[in-house]
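Visitor: Chains as they are written, first to last, in the numbering used here: chain W, 1 to 462; chain H, 1 to 462.
Honestly, the hints are just simulated from the structure, not real lab data. For every residue, glycine included, the Cβ atom is placed at its ideal position computed from N, Cα and C. Treat the hints with care, since some could be wrong.
[Stated by the list, open to error] Result set (EDC-like, lysine to aspartate or glutamate): computed pairs, CA atoms no more than 20 angstroms apart in a straight line:
#	chain 1	residue 1	chain 2	residue 2
1	H	K122	H	D439
2	W	K216	H	E250
3	W	K445	H	E69
4	W	K216	H	D166
[Unchecked claim] One side only, chain W facing chain H, incomplete, derived with CB under 7 angstroms:
#	residue
5	L183
6	D269
7	A416
[To be verified] On the chain H side, residues computed to face chain W include the following (Cβ under 10 angstroms):
#	residue
8	A108
9	H182
10	T294
11	G306
12	F310
13	W323
14	V349
15	E367
16	I371
17	K408
18	A409
19	E419
20	Q428
21	L438
22	D439
2 protein chains.
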Amino acid sequence: MDVTYKSVTPEIVKELENIVGKENVSTRLADLDQHANDQGVYPAHRADALVWAKTTEQVSEVMMIAHRERIPVTAWGAGTSLEGNPIPAFGGIQISFEHLNKIIQVHADDFQVTVQPGIGYKDLNTQLTRYGLFFAPDPGANASIGGMLANNAAGIRTVKYGATRDNVLRMVVVLADGRILHLGSRSIKQSSGYDLVHLIIGSEGTLGLITEATLKLAPIPEHFSAAIASFNDVSAAIEAVVAVRGSGLEPAALEFLDAITIRAISENDLLNLPAKPTVLMEFHAAHHDQLQGTLENVKEICNESGCVHFFSTTNQSERMKLWHARHHTLETIVRDHPGQKVANSDVAVPISAYPELIDFIEITRLEKGVIAYSFGHAGDGNIHVLYAYGNDDEYKAAREMNAMVVLKAISLGGTATGEHGIGLGKKQFMQSEHGQALDVMQSIKQTLDPHWILNPGKIFPG
Amino acid sequence: MDVTYKSVTPEIVKELENIVGKENVSTRLADLDQHANDQGVYPAHRADALVWAKTTEQVSEVMMIAHRERIPVTAWGAGTSLEGNPIPAFGGIQISFEHLNKIIQVHADDFQVTVQPGIGYKDLNTQLTRYGLFFAPDPGANASIGGMLANNAAGIRTVKYGATRDNVLRMVVVLADGRILHLGSRSIKQSSGYDLVHLIIGSEGTLGLITEATLKLAPIPEHFSAAIASFNDVSAAIEAVVAVRGSGLEPAALEFLDAITIRAISENDLLNLPAKPTVLMEFHAAHHDQLQGTLENVKEICNESGCVHFFSTTNQSERMKLWHARHHTLETIVRDHPGQKVANSDVAVPISAYPELIDFIEITRLEKGVIAYSFGHAGDGNIHVLYAYGNDDEYKAAREMNAMVVLKAISLGGTATGEHGIGLGKKQFMQSEHGQALDVMQSIKQTLDPHWILNPGKIFPG
């Protein structure tokens with residue numbers, strides 16, 4: 001797009017202060033720097049001005065100014081994303097949702113909650129405990145709900161409960177020109193007109209800003225069990241993943257970890273696991289007596305696929321220890337590489353293509369001499385590749401390898417990203433993945449944001 | 001929209017014949033009449049010409065002609081919809097997908113199937129039996145998959161498995177101008193760009209024509225049980241519905257039937273059930289020994305909510321008898337009203353609002369002297385209201401009552417339709433339900449179909 005943006009003048013700062021109050025606008029470098037980057041590896045970029053919004057109406061008024069003046073606007077939630085999604089790459093105004101972070105209402109009988117976008121995922125679930133309910137898509141970090149919606153985040157529990165987009169019923173959205181839309185309804189089933197809720201989810205703040213959302217919740221399971229199984233090769237491990245998914249046992253988590261990842265976490269967390277391709281599982285049940293039957297069944301399935309080591313437990317502290325190791329895989333790997341950086345990428349493929357993808361990663365890693373760990377949500381065909389690098393050459397090699405992995409995933413019927421979104425880091429693959437559909441995405445962008453002021457530089461290549 | 005459409009001239013018929021072959025174009029009144037109406041009660045309208053497409057490319061070429069000539073194009077699947085969705089209200093070309101009805105590939109390890117849109121829902125599941133898999137969203141009728149996608153159909157199993165839109169991964173779509181798009185991927189998790197798959201699902205053939213789709217499948221459950229519980233009032237029945245949903249028992253069906261519906265089906269199917277508000281449930285399990293515990297738990301929950309009659313079974317023929325009665329509710333009611341017509345409407349609300357909605361239906365029915373039965377998928381807050389009428393005055397009263405029910409559902413945080421779509425019958429409510437979001441739907445329609453040739457007269461009021 002040939003767009004010329006204006007920057008934020010002192011007069012505009014005054015206008016912003018009139019909307020949100022003087023204390024909720026900052027042009028101090030310290031504040032701007034704190035919001036100039038996410039947890040990914042892309043270069044930081046400052047906004048001209050940071051605005052903390054407290055209401056939908058304030059967001060709408062700020063957008064009207066930006067629309068009139070052609071000023072870029074980028075949203076900020078918690079900054080836990082990985083592809084540079086909330087970096088204000090063209091400066092302008094950054095709207096932070098950090099203070100728009102309340103639960104508006106818990107609809108306990110409906111298994112729903114209406115929230116503001118700035119609330120943290122973990123904070124929300126802490127507050128929901130007393131209702132016996134939880135918001136299931138688990139991105140690992142304490143991401144903001146708004147960020148999860150913007151990126152269609154997902155995680156370990158998605159195999160059973162779905163991704164973020166599967167758990168949203170209605171939203172309030174502010175468009176580029178300041179119009180306030182009420183999308184969807186609190187009905188679980190909706191077949192009324194175009195599904196704008198799902199158009200906005202995953203659009204990474206480029207089509208509209210989400211200022212309120214009603215989420216589906218699930219009852220907190222009464223009983224948990226965990227199982228971990230080691231295999232001599234990836235194909236055997238994935239055979240077990242497919243068989244467990246097909247068993248009707250409905251795993252709540254179904255994770256794959258490659259041999260070098262297992263070695264790292266096993267040493268760090270004293271798990272005493274063989275350094276082999278490994279499947280880690282969790283099951284939920286309404287009754288304790290269902291757990292034992294499930295675990296026996298799982299063991300049988302794993303053995304049939306050639307499992308060489310199996311451990312299962314219904315004991316809470318044993319289960320927590322296993323999951324602690326999995327949840328802190330990234331930190332463990334970072335610690336194992338002092339003085340180096342670690343880039344976290346994700347791709348996803350149909351499960352049947354998982355062994356071929358993992359083999360490709362393994363071969364490419366060795367060929368290119370890149371340090372790469374792979375593990376992830378095998379139950380959904382989602383894999384994380386973590387690249388450790390210490391200098392520009394190593395970074396370049398890691399980027400090259402990542403591009404090869406992404407194109408391989410697309411060629412296997414998969415996608416450039418299962419849960420991190422496109423941001424800055426994946427936009428070069430949009431044409432390969434979507435072809436002519438990218439033109440349609442661009443037309444819709446042009447229709448809803450004719451001056452391309454919302455989060456410019458993201459999703460669309462060029 | 002101020003649009004002037006052209007009709008199909010003999011020259012255009014020739015062009016169509018060149019694309020699909022002479023035998024696949026018809027202008028015979030008998031053929032046109034067979035495709036002039038769905039199973040709803042809205043007036044039939046003929047197309048000018050009917051085209052049976054056999055490939056995506058043929059659909060694309062037909063669309064290029066229609067786009068060039070400004071001829072309306074309406075898709076036809078199986079004609080089982082209820083709101084006039086596939087009626088060619090402005091004539092023009094009707095593209096039938098009846099011959100584009102093959103399974104392209106079963107991806108058994110991925111629990112997926114790729115199909116053409118003309119295949120019937122029941123026919124698909126018959127063919128999938130050998131793989132131990134099924135496509136779960138059950139619309140009741142043998143709807144075409146294309147029609148299910150276009151209307152975001154749902155049904156009895158949606159409480160556990162989701163609606164159609166929750167079970168689609170990728171689609172091939174032909175736009176109004178003939179462009180062929182490949183949307184989504186075969187990865188379960190996708191966070192790559194705008195979610196055009198979900199924009200097209202539920203758009204009722206007004207944004208594009210679906211010529212191929214990859215669907216998520218579920219393993220056929222090994223063990224089934226059913227339970228039926230009667231209550232003295234609706235509130236008690238819904239209290240049980242909420243409690244069962246919150247129990248973690250994961251019902252695969254959770255249906256409500258009002259007293260007069262139960263009386264009708266109980267007499268017809270010799271079920272010997274009390275004519276009281278009733279909840280009908282189904283549960284799936286991987287192990288037979290899980291069923292008994294589940295049913296005891298369900299009985300306890302129902303008793304706590306004031307259940308006055310409870311029956312449960314793991315016996316297949318007893319279970320089938322109950323579900324046969326539920327599946328044939330419409331036919332039973334039609335038979336009970338010889339010489340009358342029966343109109344089937346649906347609305348959906350948050351579950352907590354279900355008792356208020358049912359009370360409203362009951363009061364309005366009595367006040368207006370309308371014959372109305374209500375029953376439906378309580379687990380999702382979805383209710384069907386069936387109106388029986390014998391003359392124009394009774395039809396008018398039923399339409400008035402239906403409008404009151406729809407507006408009540410919207411006021412309760414619900415929607416004008418949970419699963420039948422908007423079509424002709426609900427478009428008058430779009431403004432009330434969506435407000436400014438309707439303008440955005442119109443902008444997107446204008447962007448993707450600038451001459452408004454795809455299924456004109458549907459979804460948008462005026």
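Visitor: Next, verify each hint and record whether it holds.
Guide: Going down the list of hints, with the structure as the test:
no., hint, result
1, H:K122 to H:D439, "37 angstroms, violated"
2, W:K216 to H:E250, "15 angstroms, holds"
3, W:K445 to H:E69, "28 angstroms, violated"
4, W:K216 to H:D166, "14 angstroms, holds"
5, L183, "6 angstroms, holds"
6, D269, "27 angstroms, violated"
7, A416, "5 angstroms, holds"
8, A108, "9 angstroms, holds"
9, H182, "6 angstroms, holds"
10, T294, "8 angstroms, holds"
11, G306, "17 angstroms, violated"
12, F310, "19 angstroms, violated"
13, W323, "20 angstroms, violated"
14, V349, "6 angstroms, holds"
15, E367, "25 angstroms, violated"
16, I371, "25 angstroms, violated"
17, K408, "13 angstroms, violated"
18, A409, "8 angstroms, holds"
19, E419, "5 angstroms, holds"
20, Q428, "12 angstroms, violated"
21, L438, "7 angstroms, holds"
22, D439, "8 angstroms, holds"
Comparing the model with each numbered hint stated earlier shows that hints 1, 3, 6, 11, 12, 13, 15, 16, 17 and 20 do not hold.
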